[in-house]
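*Asks:* So you can see what is in the structure, the chains are spelled out below.
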Amino acid sequence: MSGGAALEARDLALERGGRRVLAGVSFRAVAGAALLIRGANGCGKTSLLRALAGFLQPAAGDVRWRGAALKAATADTLFIGHEAGFRPELTARENLVCALTLAGEPARAADDALARAGLTARADAAFGQLSAGQRRRVALARLFASTRALWLLDEPATALDDAGVAVLEDAVAQHLGRGGIAVVTTHRPLAFAGGRSVVNTQALEL
Amino acid sequence: MTTAERGVWSALRWAVARDLTLAARSPAAAVLAIGFFLLAAAIFPLGVGPEPEQLKRIAPGVIWACAALAMLAPLTRLYEPDYAAGVLEQLALSGRPLAALVGGKAIAHWLAIGVPITVAAPLTGLWFGLDTAAVLVLVATLAPGLATLTLLGGLCAALTLGADAGRGGGTPLIALLLLPLAVPVLILGAGAVDATENGLSPAPHLALLTAFLLVSLVVAPVATAAAVKIALE
Amino acid sequence: MTRRINWFFLASPASFFAVAGRLTPWFAGASVLLLAAGLYVGFGIAPDDYQQGSVYRIIYIHVPAAWMSMFIYLLMAGYGVLALTFNTRLSAMMVLALAPTGAWFTVIALITGSIWGRPTWGTYWVWDARLTSELFLLFLYLGVLALHHAHADPKRADRAAALLAIVGAINVPIIYFSVKWWNTLHQGASISLTAAPKMAMTMLTAMLLVALAAWCYTFAVSFTRVRTIILEREGRSDWLQKKVSA
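Chains as they are written, first to last, in this note's numbering: chain A, 1 to 206; chain B, 1 to 233; chain C, 1 to 246.
Chain A extracted, bound-state conformation (with noise of 0.2 Å):
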């Protein structure tokens, strides 16, 4: 993964329905670092989150990766919205496959993140048949298998109980070890402590 890996907002100003709902807002993360967004509902976490990850055109400022302006989605970029992009018709393995295939990540790698994601015993049962906290864990099996160097996540805890929170702590302190930047919306107090290292956390209250 690139040292030079570095996402940068500069008095970044988003829209929603004629409202605007950010403004001002700055940052900078380097490879290796996390960025924890909080802050009420409706303040305007996750339009932040659709901004860095190229759907959403910003009012005013702009958002640099890599140092050059931000212009589209990017391949760089892991997005786990609220949704994480799951058919319910599909089972949870081939869900994973057919969204590693998507992202040109190596397919073969999804059973050993299904298993470091607790899902090997519900790998096959239709997705829509899973409860929400499984659903969730398909999405960490997601993280696990992911080599791409950006990660949004957009309340990636929510339906995961203890043991999971614990699972994508890892998951993300992982990514991090390996330079990734992680940008991560948040209710509740997350750590990314990665074995020994300190890990770079920001936190940025909206």
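Quick list of the computed label-pair ranges, beta carbon to beta carbon:
1) A:G67 / C:L33: 58 to 66 Å
2) B:V115 / A:T158: 35 to 43 Å
3) A:G17 / C:L33: 41 to 49 Å
4) C:V81 / A:H82: 29 to 37 Å
The set of hints was computed from the structure by calculation and includes no laboratory data.
Every residue gets a Cβ at the ideal spot worked out from N, C-alpha and C, and that includes glycine.
Assemble chains B and C onto chain A, guided by the hints.
*Replies:* For chains B and C alone, kept in the frame of chain A given last:
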């Protein structure tokens, strides 16, 4: 093959494979589309009377119109479920050409819905008293014609993503957007069958239908990809 | 020394609001005068048609209305291209501002075409190429308006409507020619609205005057509409607050 071409083919294959798998898990959509098509065609004789000469004369237009209408409702299944499940974000971030992914979805949709309607069409030919040559031409026009409607319909469906159902979204809106665009295809398709019935050659119609399909294959996925990006904002 | 005109000055809603506001009364006035002149020439000066008598005069409204319905769609699509390419808010608003006017011209063309048809063919409607194309053009306009209305988020509504307008514009000639071809295949009405009578100079003058009136009307009305849209959308912005409190 250049890297870019390989990228396009690979994206197409991924999209077709996935969407066909999904369609196979929900066969109801195809069954309902065929059912609607046949039922809509069948009520016409009840309306206009069973007189064979009259039925034979109105057959091309009626059958073609019913096929076009039967394509409408399934279009809501082309993008809405993926939109709701967050798949469109993943498509945009995949690093693959979005137009190719979108084109693959359209191909799969045609195979899953358009082809069944085309296969069911000879039955309506029987009901309306079309002779064999006319039925063959009917099928030959429906195949490319419904493919074109799938491509244009996908564009209309993508444009309505995120529309509030209470403010007038869904199938009626897709119909309003698609049917004017479908006019040339309908005229050509029905015209070809009509020409065959009158002993004229349907070749010019078929040629033009193919031309429309080829143009749509190039233009529609690009426009649809733009519509998907608009929906992701 | 010439100064390069900064076109993007006009692209800002704030500047356009002021400019449009000043121009509108002139366009409105011009349209009334031109319409009066055109109708005077058409109904007063131009000679009776020896076959159709006085009734044909409705063509002086029908033909300009039909022209406008097509031009406005192209103009709307042009603004759509600007809106999607340059991401200017004003271009997107112009798409929305032009659509209702274009739709109304289509309705006028259809109604006047119908009125002309009654004494000529004995029926209020025939499926001739021009009327049929106008009917589907009306549906294309309604589609743009309905799509815009269906989206609650104004920015998304604007962009979706702009894209649809562009797609529709590409299809307008395709639809027109396929309908024309369909019409000849089916040996429809032998008298068609497209077979225009040989025009005397006065008749052409009258049509052009009415067409110019229609253009001025279109500008006046779209400017007014776009100013309303600007007010609705930018209600809380600084430049407007200053204007209101000034």
